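**Q** The chain contents come next:
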Amino acid sequence: MQTIVELFDSLCHDLSISVDDSEFVYFIDFQHIMDAARGHTFSNLTPNYRILLENGLISLKYREEDCTNKFCHDYNSVIDSLCILISRICLELDRKKPCNYETKLEWFRNMIDKPAAGFFEAIQRILFLNQIMWQTNHRLLGLGTLDTLLDPFYRSDTAQGKLSKEDVAGALQSFCRILHQDFKYKSNMLLGDTGQIIVLGKSDEKGNYLYNDLTILFIEAIEKLNLPDPKILLRVNKNTPREVLRSAVRCISTGVGAPLLANDDVIVPQLVKYGVPMQDALDYTVSACWEPLICGKDSSLNNLTTLNFMRSLDNLIMRDQLSRITSFEDFKKRYLKYLSWNLNAVKRVVGRHRFQYDPVLSVFMEGCFEKRKDVSHGGAVYNDVGITTVALSNTVNALLNIKEYVFERKLLSLVDVKTMLVTNFKGKEDWIPQLKAGDIRYGHDEDEVISLTNEIIRFVTEETKDFTTYLGGRMKFGLSAPSYIDAAKVFPASFDGRKRGEPFHVHISNDKAAYTEVVNFAAALDYGDNRFNGNVVDLMVTPVFIENNFDKFVDFVFFSIKVGFFQMQMNVISSEKLIAAKENPEAYPNLIVRVWGFSAYFRDLPVEYKDVLIERALRNEHKVS
Amino acid sequence: MQDGPGIRTTVFLKGCPLHCPWCCNPENIRFDKQFYFLEDICTANRGTSILCNHCPATDVLAMSYPGQRPCCPFGAIGVYGKEYDAQELVRILLKDRPYWEGGGVTFSGGEALMQARELLLAMRLLKEKDIHIAVETSLYVQTGLLEAVIDYVDLFLIDVKILDKERSKDILDGDVDLFYQNVRRAAADGKEIVFRIPCCDEFTLTDENLNLLDDFFQDYKGYSVELFRLHTLGISKHKSLGCLPVSEYPACENRMKHLVSIIEKNSNRVSIITF
Numbered sequence: 000m001q002t003i004v005e006l007f008d009s010l011c012h013d014l015s016i017s018v019d020d021s022e023f024v025y026f027i028d029f030q031h032i033m034d035a036a037r038g039h040t041f042s043n044l045t046p047n048y049r050i051l052l053e054n055g056l057i058s059l060k061y062r063e064e065d066c067t068n069k070f071c072h073d074y075n076s077v078i079d080s081l082c083i084l085i086s087r088i089c090l091e092l093d094r095k096k097p098c099n100y101e102t103k104l105e106w107f108r109n110m111i112d113k114p115a116a117g118f119f120e121a122i123q124r125i126l127f128l129n130q131i132m133w134q135t136n137h138r139l140l141g142l143g144t145l146d147t148l149l150d151p152f153y154r155s156d157t158a159q160g161k162l163s164k165e166d167v168a169g170a171l172q173s174f175c176r177i178l179h180q181d182f183k184y185k186s187n188m189l190l191g192d193t194g195q196i197i198v199l200g201k202s203d204e205k206g207n208y209l210y211n212d213l214t215i216l217f218i219e220a221i222e223k224l225n226l227p228d229p230k231i232l233l234r235v236n237k238n239t240p241r242e243v244l245r246s247a248v249r250c251i252s253t254g255v256g257a258p259l260l261a262n263d264d265v266i267v268p269q270l271v272k273y274g275v276p277m278q279d280a281l282d283y284t285v286s287a288c289w290e291p292l293i294c295g296k297d298s299s300l301n302n303l304t305t306l307n308f309m310r311s312l313d314n315l316i317m318r319d320q321l322s323r324i325t326s327f328e329d330f331k332k333r334y335l336k337y338l339s340w341n342l343n344a345v346k347r348v349v350g351r352h353r354f355q356y357d358p359v360l361s362v363f364m365e366g367c368f369e370k371r372k373d374v375s376h377g378g379a380v381y382n383d384v385g386i387t388t389v390a391l392s393n394t395v396n397a398l399l400n401i402k403e404y405v406f407e408r409k410l411l412s413l414v415d416v417k418t419m420l421v422t423n424f425k426g427k428e429d430w431i432p433q434l435k436a437g438d439i440r441y442g443h444d445e446d447e448v449i450s451l452t453n454e455i456i457r458f459v460t461e462e463t464k465d466f467t468t469y470l471g472g473r474m475k476f477g478l479s480a481p482s483y484i485d486a487a488k489v490f491p492a493s494f495d496g497r498k499r500g501e502p503f504h505v506h507i508s509n510d511k512a513a514y515t516e517v518v519n520f521a522a523a524l525d526y527g528d529n530r531f532n533g534n535v536v537d538l539m540v541t542p543v544f545i546e547n548n549f550d551k552f553v554d555f556v557f558f559s560i561k562v563g564f565f566q567m568q569m570n571v572i573s574s575e576k577l578i579a580a581k582e583n584p585e586a587y588p589n590l591i592v593r594v595w596g597f598s599a600y601f602r603d604l605p606v607e608y609k610d611v612l613i614e615r616a617l618r619n620e621h622k623v624s
Numbered sequence: 000m001q002d003g004p005g006i007r008t009t010v011f012l013k014g015c016p017l018h019c020p021w022c023c024n025p026e027n028i029r030f031d032k033q034f035y036f037l038e039d040i041c042t043a044n045r046g047t048s049i050l051c052n053h054c055p056a057t058d059v060l061a062m063s064y065p066g067q068r069p070c071c072p073f074g075a076i077g078v079y080g081k082e083y084d085a086q087e088l089v090r091i092l093l094k095d096r097p098y099w100e101g102g103g104v105t106f107s108g109g110e111a112l113m114q115a116r117e118l119l120l121a122m123r124l125l126k127e128k129d130i131h132i133a134v135e136t137s138l139y140v141q142t143g144l145l146e147a148v149i150d151y152v153d154l155f156l157i158d159v160k161i162l163d164k165e166r167s168k169d170i171l172d173g174d175v176d177l178f179y180q181n182v183r184r185a186a187a188d189g190k191e192i193v194f195r196i197p198c199c200d201e202f203t204l205t206d207e208n209l210n211l212l213d214d215f216f217q218d219y220k221g222y223s224v225e226l227f228r229l230h231t232l233g234i235s236k237h238k239s240l241g242c243l244p245v246s247e248y249p250a251c252e253n254r255m256k257h258l259v260s261i262i263e264k265n266s267n268r269v270s271i272i273t274f
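Those sequence lines, one after another, are chains U and Z.
Using numbering that gives the first Met the number 0, the first residue of the first sequence is number 0, and each one after it goes up by one.
Using numbering that gives the first Met the number 0, the first residue of the second sequence is number 0, and each one after it goes up by one.
These are calculated hints, taken from the structure and not from any lab test.
A portion of the hints provided could be inaccurate.
Straight-line alpha carbon distances no greater than 30 Å define the calculated DSS-like cross-link-like pairs of lysine-lysine that follow [said to hold, decoys possible]:
#1 236/Z / 435/U
#2 622/U / 94/Z
#3 238/Z / 576/U
#4 409/U / 272/U
#5 32/Z / 622/U
#6 427/U / 609/U
#7 128/Z / 551/U
#8 94/Z / 551/U
#9 402/U / 94/Z
#10 236/Z / 551/U
#11 128/Z / 237/U
#12 581/U / 256/Z
#13 511/U / 94/Z
#14 238/Z / 427/U
#15 81/Z / 622/U
#16 238/Z / 622/U
#17 32/Z / 409/U
#18 435/U / 238/Z
#19 81/Z / 402/U
#20 236/Z / 581/U
#21 511/U / 236/Z
#22 435/U / 32/Z
#23 94/Z / 435/U
#24 576/U / 94/Z
#25 576/U / 488/U
#26 113/U / 69/U
#27 168/Z / 402/U
#28 236/Z / 622/U
#29 81/Z / 551/U
#30 511/U / 256/Z
#31 94/Z / 237/U
#32 561/U / 126/Z
#33 94/Z / 272/U
#34 256/Z / 551/U
For clarity, every value in this text was computed on a predicted model and none was experimentally measured.
So here's chain U without its partners, still in its complex pose (with noise of 0.2 Å):
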């Protein structure tokens, strides 16, 4: 059997290199996409494009009396393939002789053993890169920090006026519409979910914004192009000027679904209270949708499995002597006990997971080098875990319904309770409309609400701050749910109003409540300890409602910023559109809607999909209760 090693050599002398008129080379052969199958590929993660942008590739490999170990021989052996590549894609354009091929040849000659020398050069690096990880089997890769990484090339360039402001615009959107080519390979569970994200804009230690030009003309970019991939996230803080959040607003509004919003006054802290150096917490960037991850030096797999917090109520109520039970507190003990056995589970999945050797990657993040270990054995900086959670929203109305209907006004017993969810609420129909009712639910800055979700997300940290991975990774959460059609699909009806198969509710949301409601509960939530693997406020807004108030929009923005959700994003769209490209998606193929944590056309997405964002867009305009 080959060794990765010698797979890799294999790809780079056998794949089919692709040169045309474009403006950069970019190709991904899909008959030679590396898989070796002898573990799970990294994924969700960015790789270092710095290491490429700042050096030759010769200059990256140990020299040979420093090679004492196999992985350093490995390591130099990925880099000598990546040469003989780099030399068949310049003989390449030699014999076809594309559109401008004496620069591109320049640039990949360089990159054998030259820094990047300009702004195109440094474009073309980070887009050779993500093509090797894509070709390697990567996926869901990010692209990182991009308007930091490339701002020294553009002003050198431009100082010496070899580059207008113009010249860039265009060749960011050449760059955004090369990655999105291949979108539909390069999606993972649905159509769009590629993982390719943008990270602009950043703080400096003393909480200082810290943008440039090409921040606004990433962002220009993505609101011109109308493509759900690449797609942005903006780094914000409480000083980001206006200048900055009415342009993401402006990209906002198109409905593209971008820029997620991402708010480092609550994020950076976190990550330094969990040990991250501040110099790193500022740097960082995120997995595919959320989650942070500290850029080029991060090889955490940050959605690993998804707790559904669901499961433990369901457990409890089918499973326990709910004769036993006599008051609420009882019941949200028993509750806890069932969570920490379900996170059990969570926890043999997570611990029996093991990571491919992966020395293609390994050259391309930080720590492995010095370490002179591969990723797959903890080589980089760092290398925890992080798994999504779902349907926590959901838990937190059924267990206030349960409080108020079984415990305080005693008008159903447990038993009562159970007999509704196995019958699916037959015959107790009435029912599903008030438990959806009431003024105290998930979303709702109310003490109660508040203080409950506080308290199962504290008492999910207890159970797994002391998890460790054979690297010795440690386990993060967060409270965006991307699983909420999956998880749901044969679930058993819930005591939130819920039918069985139902979806559970999106992220941090309620369609019902006031947008400032909604901030200020998730700026109530506690994301500390390990509770900071994504905490996505989502919205739904009226095209009209951001026409008519541009300018109070961004003062929502800027101020919801101040009061301290994590990230917030946005779908700004009308359910009348929507049910138009439901029932004619042909007069609508160009629709984006925001899913999850990616854009995505409307008319790619499951019908269940398309149904729930209909549902929301709908309550949001209060067309239904």
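Chain Z: place on chain U using the hints.
**A** Leaving out everything else, chain Z in the frame of chain U:
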């Protein structure tokens, strides 16, 4: 969102002395709590609950609250109106305080000033925390009510509607002299005022009313004026109260332009707003 500068939290108060034909907040005309009935929800669920046998359905609209307390598990029957004491109201409002830099609280309605005396404590508590307070009002109220709160109000958003005494009485059921008197009172106090004109050819853009508006703005130069076309956003609320929906009341472009020129002639700043 057209409720004053910045991000604001608006309190809608029940009760209005006027009966504007175009009213978009019909649930706030009556002073007492009242039931509403959502026919679509009832139709979709009728007969599926044991409670349906005892439900008055649409007859609930004739019932007085709180004489009887019918309830619908599906939410087809509900109540417009909720009571708050001043402290409780202020506690809820202050949750939004972080958003109020440049904004604040707006009291609207109905006619907010009809409950001026009840609002006094809430306004005082807000003012103690230096919160900007706006009141949306038609000013068709006893001057004593205006005077009760005038010290606490930073901004009046004043509707200017039909200025002829007879037509005002006939169409709005209001005494326009009260309006004139109260505008004078608010202006004399040096309060910031934004005048708002609901525009429609049939009532407010008639030749006669345009002339009266011209006279009015000669007395009130230099203020901001906002015009808006009447809308039918309140249609579902009218339906829920068993009322016929309001008619559409168009405003022709030329008459709007004429009104703009009248206002600008009187050195007022004018803008057209949409809801």
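**Q** Given the hinted pair residue 511/U and residue 94/Z, is their Cα-Cα distance within 30 Å?
**A** The hint holds at about 17 Å.
**Q** Hinted pair, alpha-carbon criterion (30 Å max): residue 81/Z, residue 402/U. Please report holds or violated.
**A** OK: residue 81/Z and residue 402/U at ~24 Å, within 30 Å.
**Q** Verify the proposed pairing of residue 128/Z with residue 237/U, using a straight-line Cα cut of 30 Å.
**A** With Cα atoms ~23 Å apart, residue 128/Z and residue 237/U stay inside 30 Å; holds.
**Q** Holds or violated: residue 168/Z with residue 402/U, Cα cutoff 30 Å?
**A** violated (54 Å)
**Q** Below or equal to 30 Å on CA atoms is what counts here, so check residue 581/U against residue 256/Z.
**A** Violated: residue 581/U and residue 256/Z sit about 41 Å apart, past 30 Å.
**Q** Are the Cα atoms of residue 236/Z and residue 581/U separated by 30 Å or less?
**A** Holds, at about 28 Å.
**Q** Are the Cα atoms of residue 409/U and residue 272/U separated by 30 Å or less?
**A** violated (44 Å)
**Q** When you check the alpha-carbon spacing of residue 238/Z and residue 427/U, does it fall within 30 Å?
**A** holds (29 Å)
**Q** Measure nothing beyond the straight line between the CA atoms of residue 238/Z and residue 576/U; if it is 30 Å or shorter, mark the hint as holding.
**A** holds (24 Å)
**Q** Holds or violated: are the alpha carbons of residue 561/U and residue 126/Z at most 30 Å from each other?
**A** It holds: about 23 Å lies between the C-alpha atoms, which stays within 30 Å.
**Q** Please work out if residue 402/U and residue 94/Z have their alpha carbons no farther apart than 30 Å.
**A** holds (25 Å)
**Q** Against the 30 Å threshold, does the CA-CA distance of residue 128/Z and residue 551/U hold or violate the hint?
**A** Holds. Residue 128/Z to residue 551/U sits at ~22 Å (cutoff 30 Å).
Of the numbered hints stated above, those contradicted by the structure are hints 4, 12, 24, 27, 30, listed in ascending order.
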